[in-house]
Amino acid sequence: MVAKGPAEATPSPWPEGLTRVPYWVFQRDDIYAQEQKRIFQGPSWSFLCLESDVENSGDWRTTFVGDAPVVVTRNAAGDIHAFENRCAHRGSLICLDEKGRKAQGFSCVYHAWTYNLEGDLTGVAFQKGIKGKGGMPPDFRVSDHGPRKLRVETISGLVYGTFCADALSLPDYLGQEITSRIARVFAGRKPVVLGRFTQALPNNWKLYIENVKDSYHASILHLFFTTFELNRLSQKGAIIVDESGGHHVSYSAIDRGPTGNADYSAQKIRSDSDYKLADPSLLHGFDEYPDGVTLQILTVFPAMVVQQIQNAIAIRQVIPRGPDQTDLNWIYLGFDDDTPEQRMMRLKQANLVGPAGYISMEDGCVGGFVQRGSAGAPDERSVIEMGGKTAEGSESRVTEASIRGFWKAYRAQMGI
Amino acid sequence: MTSLQDLWFAIAQAQAAHARCLDDDRLEEWPDFFADDCLYRVTSADNVRDGYEASLIFLNSKGMVRDRVSALRTANIYERQAYRHLLGQPSILSTEGDKVSTETSFVVARIMRDGKTDLFATGRYLDTWRRAGDSVELMARVVVCDSSRIDTLLALPL
Numbered sequence: 054m055v056a057k058g059p060a061e062a063t064p065s066p067w068p069e070g071l072t073r074v075p076y077w078v079f080q081r082d083d084i085y086a087q088e089q090k091r092i093f094q095g096p097s098w099s100f101l102c103l104e105s106d107v108e109n110s111g112d113w114r115t116t117f118v119g120d121a122p123v124v125v126t127r128n129a130a131g132d133i134h135a136f137e138n139r140c141a142h143r144g145s146l147i148c149l150d151e152k153g154r155k156a157q158g159f160s161c162v163y164h165a166w167t168y169n170l171e172g173d174l175t176g177v178a179f180q181k182g183i184k185g186k187g188g189m190p191p192d193f194r195v196s197d198h199g200p201r202k203l204r205v206e207t208i209s210g211l212v213y214g215t216f217c218a219d220a221l222s223l224p225d226y227l228g229q230e231i232t233s234r235i236a237r238v239f240a241g242r243k244p245v246v247l248g249r250f251t252q253a254l255p256n257n258w259k260l261y262i263e264n265v266k267d268s269y270h271a272s273i274l275h276l277f278f279t280t281f282e283l284n285r286l287s288q289k290g291a292i293i294v295d296e297s298g299g300h301h302v303s304y305s306a307i308d309r310g311p312t313g314n315a316d317y318s319a320q321k322i323r324s325d326s327d328y329k330l331a332d333p334s335l336l337h338g339f340d341e342y343p344d345g346v347t348l349q350i351l352t353v354f355p356a357m358v359v360q361q362i363q364n365a366i367a368i369r370q371v372i373p374r375g376p377d378q379t380d381l382n383w384i385y386l387g388f389d390d391d392t393p394e395q396r397m398m399r400l401k402q403a404n405l406v407g408p409a410g411y412i413s414m415e416d417g418c419v420g421g422f423v424q425r426g427s428a429g430a431p432d433e434r435s436v437i438e439m440g441g442k443t444a445e446g447s448e449s450r451v452t453e454a455s456i457r458g459f460w461k462a463y464r465a466q467m468g469i
Numbered sequence: 287m288t289s290l291q292d293l294w295f296a297i298a299q300a301q302a303a304h305a306r307c308l309d310d311d312r313l314e315e316w317p318d319f320f321a322d323d324c325l326y327r328v329t330s331a332d333n334v335r336d337g338y339e340a341s342l343i344f345l346n347s348k349g350m351v352r353d354r355v356s357a358l359r360t361a362n363i364y365e366r367q368a369y370r371h372l373l374g375q376p377s378i379l380s381t382e383g384d385k386v387s388t389e390t391s392f393v394v395a396r397i398m399r400d401g402k403t404d405l406f407a408t409g410r411y412l413d414t415w416r417r418a419g420d421s422v423e424l425m426a427r428v429v430v431c432d433s434s435r436i437d438t439l440l441a442l443p444l
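Protein chains in written order, with my numbering: chain C, 54 to 469; chain E, 287 to 444.
Extracted from the complex, chain C is given alone in its bound form (with noise of 0.2 Å):
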C-alpha cells in the first residue's frame, strides 16, 4: 500500500471528547494496520456464521476478522470450531470455497498439509522423505505447528469467535440488555437464510458503522422511511448504548397519530414529500413482535449489525477491506416456522434493505461521499455534539451518542 500523505508523520492529536473525529483515522495504513490487530484480533468478539450454517458434523464454512480468513467447523462430536484460514506451513488458504460439507478434515492445495476439523496439524505430506531421503527434521513435531485457533460462543444461533485469549465471555462482553435485544428479534426460532449479497463500500469501515450507529440521519437521509412512517424521530422509541459504548441499539414503535409531522414541516427537510406508492403491499408487514417495536437496529462492536425493519430481519457482517473499502456481507434471514404469506412479507420488504435498498441504498454511498469529502483534510474534524457531548442512551433519537459511543469503545481499544 502507498503512504498517504505528510499527515502520516505527523498527525494530529486526537482532541480531548468524544465529539471530535479528525478524518486521518479513516485515511491511514498504520492506523488500518493497528485496527487489525488491537480491535479484530483484540479482545472483541467477532460475528462468524449462523449456527445453521455448520448444522452437521463436517459442515464448514469460510469467513474472515477483519483481514484475517477464518474457517467454521462443527467436529464429529458436534462442536463448533473456529480456526485462521492459513496453513501452517507457508501460509496458503487452507479452504478455497466458501462452504462445505461432509469434510473429515482438510488438506492444503499447495504441499497437502492436513487438518483435522479442530484447525490441528495432523499430517505433512512426505514427512519422512522418499527412501530415507528429504523430509523434515527428526526433531519436527505436527503438535508444534496450526493455524491460530479463536474462542468460539454462540447465541441466539449466531456464532462469535475472538483470536484474545483474554476477551470477556460472550455475554459479559455484550452485557444483559444488548443480549435480550439480540435474543428478542430471533425469539427462539430456528433462522432461515433467504439470501446472501455483499455490497462493496467506497469507504473505510468506521464510516459505516457511523452511519449504522447515526439514528440522526435515518429520517432525513433516506425519504422511504419518513414518508411511510416506518421511521420518523418524532415516532415513539430510544437509544440504548452500552457501558463500553461499542454496542447500541436504536428502536422505534410506529405511532399512526398526527403527532411529529409539524416537526418536520417546520425544519424543510427534503424527506416530507407527498410521495405515494402504486402498490403499498411491501408496507403491510405483519405483527411479528408483541412489544410493537417496528425497527431495531443493533450494532456489536467492532463490525457487527442485527437488524429488524419491520419484517425484514439481517444480519450484517462489515469486513475491513483496506482503509477505503468496505465490503459490507447482507444475510437476510426468515424463520422456519414462517407461513407462506409471512415469507412472501420478507422477500416484498427486502426491497427495504441491501445493496438495491429503497431505505439503504444511501447507505452504500453516502460513507463514499465523506471518504471523498474529507480527503485532503487529514487534520480536519467531524462534529458530533447532537443530542450531547456524552455517550449515554437517551429516549430521543435526535442525537449522535452511539456514535459517540462507538469512538469510546474504539479508542479504549486503541490506546488513542
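Treat the hints with caution; some may be incorrect.
[Said to hold, decoys possible] List time: in silico SDA-like cross-link candidates among lysine to any residue, alpha-carbon distance up to 25 Å: (1) E:K402 <-> C:R374; (2) C:K329 <-> E:C324; (3) C:K461 <-> C:S222; (4) C:K152 <-> E:T408; (5) C:K461 <-> C:P431; (6) C:K152 <-> E:R335; (7) C:K155 <-> C:V246.
[Unchecked claim] Here's a subset of chain E near chain C, in silico, CB distances under 8 Å, partners left out: (8) Y338; (9) S341; (10) L342; (11) G349; (12) T438.
[Unchecked claim] Here are the in silico distance ranges between beta carbons for each label pair: (13) E:A368 <-> C:S105: 37 to 45 Å; (14) E:A395 <-> C:P333: 29 to 37 Å; (15) C:P333 <-> E:A418: 25 to 33 Å; (16) E:F295 <-> C:A178: 53 to 61 Å; (17) C:V436 <-> E:A302: 49 to 57 Å; (18) C:R143 <-> E:L373: 39 to 47 Å; (19) E:V393 <-> C:G144: 33 to 41 Å; (20) C:A129 <-> E:T381: 45 to 53 Å; (21) C:F422 <-> E:V393: 25 to 33 Å; (22) C:K186 <-> E:A395: 54 to 62 Å; (23) E:L373 <-> C:P66: 51 to 59 Å; (24) E:V393 <-> C:Q157: 40 to 48 Å.
It should be emphasised that the hints constitute simulated quantities derived from the structure, not laboratory data. Bear in mind that the values here come from a model prediction, so they are computed numbers and not experimental data. Every residue, glycine too, gets a C-beta built ideally from N, C-alpha and C.
Model the placement of chain E on the given structure of chain C, informed by the hints.
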C-alpha cells in the same frame, strides 16, 4: 405469429427496446415493458444455486415496478449514473401454449457522473413471455447476476 423465427425476432426486438429504454434514462416508460401481473427480480447465480428466495429487487406487480421508478426519481439519493447494456442473443428454452421462456446474457457498464466507467454487472435474463398476436409481452424477468457482489449500490434496474 407462426414461425419460431418470427417469435425469436419479436423477443429480440422487445429485449433491445427494453435495454434502450433503461440506457436512455426513460425509466418512466420501463413499466410498460411488463404485463400487469408481472415479476421482476434481481438475484445472483450463487443465490439461485443455493435455492435462496430473496432478491436484491423483488417486484411482483406492475405497481411495484412503477414504485421503483418513482422512488428512484423522487426518494432515493445516488450519484448521477447511467448504464450501457450489451445483450447476447436470446435463447429460446421452451414454448408451452402461449408461454415462452428465454435466456439472454447481458453485460452492463456503469458510467458515473465524473466519467468513471466500470464493468458493473454481467449475467443472464431468464424471461417468460406471453405471445399476443404479432408481439410478445414480458411476464417475468429474473435477472441472475453472475456475481453476488454489488459495487456501492444498485439503483437503476439492470
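Here's how the hints hold up against the structure:
no.: 1; hint: E:K402 <-> C:R374; result: 21 Å, holds
no.: 2; hint: C:K329 <-> E:C324; result: 21 Å, holds
no.: 3; hint: C:K461 <-> C:S222; result: 21 Å, holds
no.: 4; hint: C:K152 <-> E:T408; result: 24 Å, holds
no.: 5; hint: C:K461 <-> C:P431; result: 20 Å, holds
no.: 6; hint: C:K152 <-> E:R335; result: 13 Å, holds
no.: 7; hint: C:K155 <-> C:V246; result: 20 Å, holds
no.: 8; hint: Y338; result: 4 Å, holds
no.: 9; hint: S341; result: 6 Å, holds
no.: 10; hint: L342; result: 4 Å, holds
no.: 11; hint: G349; result: 3 Å, holds
no.: 12; hint: T438; result: 5 Å, holds
no.: 13; hint: E:A368 <-> C:S105: 37 to 45 Å; result: 41 Å, holds
no.: 14; hint: E:A395 <-> C:P333: 29 to 37 Å; result: 34 Å, holds
no.: 15; hint: C:P333 <-> E:A418: 25 to 33 Å; result: 29 Å, holds
no.: 16; hint: E:F295 <-> C:A178: 53 to 61 Å; result: 59 Å, holds
no.: 17; hint: C:V436 <-> E:A302: 49 to 57 Å; result: 51 Å, holds
no.: 18; hint: C:R143 <-> E:L373: 39 to 47 Å; result: 46 Å, holds
no.: 19; hint: E:V393 <-> C:G144: 33 to 41 Å; result: 36 Å, holds
no.: 20; hint: C:A129 <-> E:T381: 45 to 53 Å; result: 51 Å, holds
no.: 21; hint: C:F422 <-> E:V393: 25 to 33 Å; result: 28 Å, holds
no.: 22; hint: C:K186 <-> E:A395: 54 to 62 Å; result: 57 Å, holds
no.: 23; hint: E:L373 <-> C:P66: 51 to 59 Å; result: 56 Å, holds
no.: 24; hint: E:V393 <-> C:Q157: 40 to 48 Å; result: 42 Å, holds
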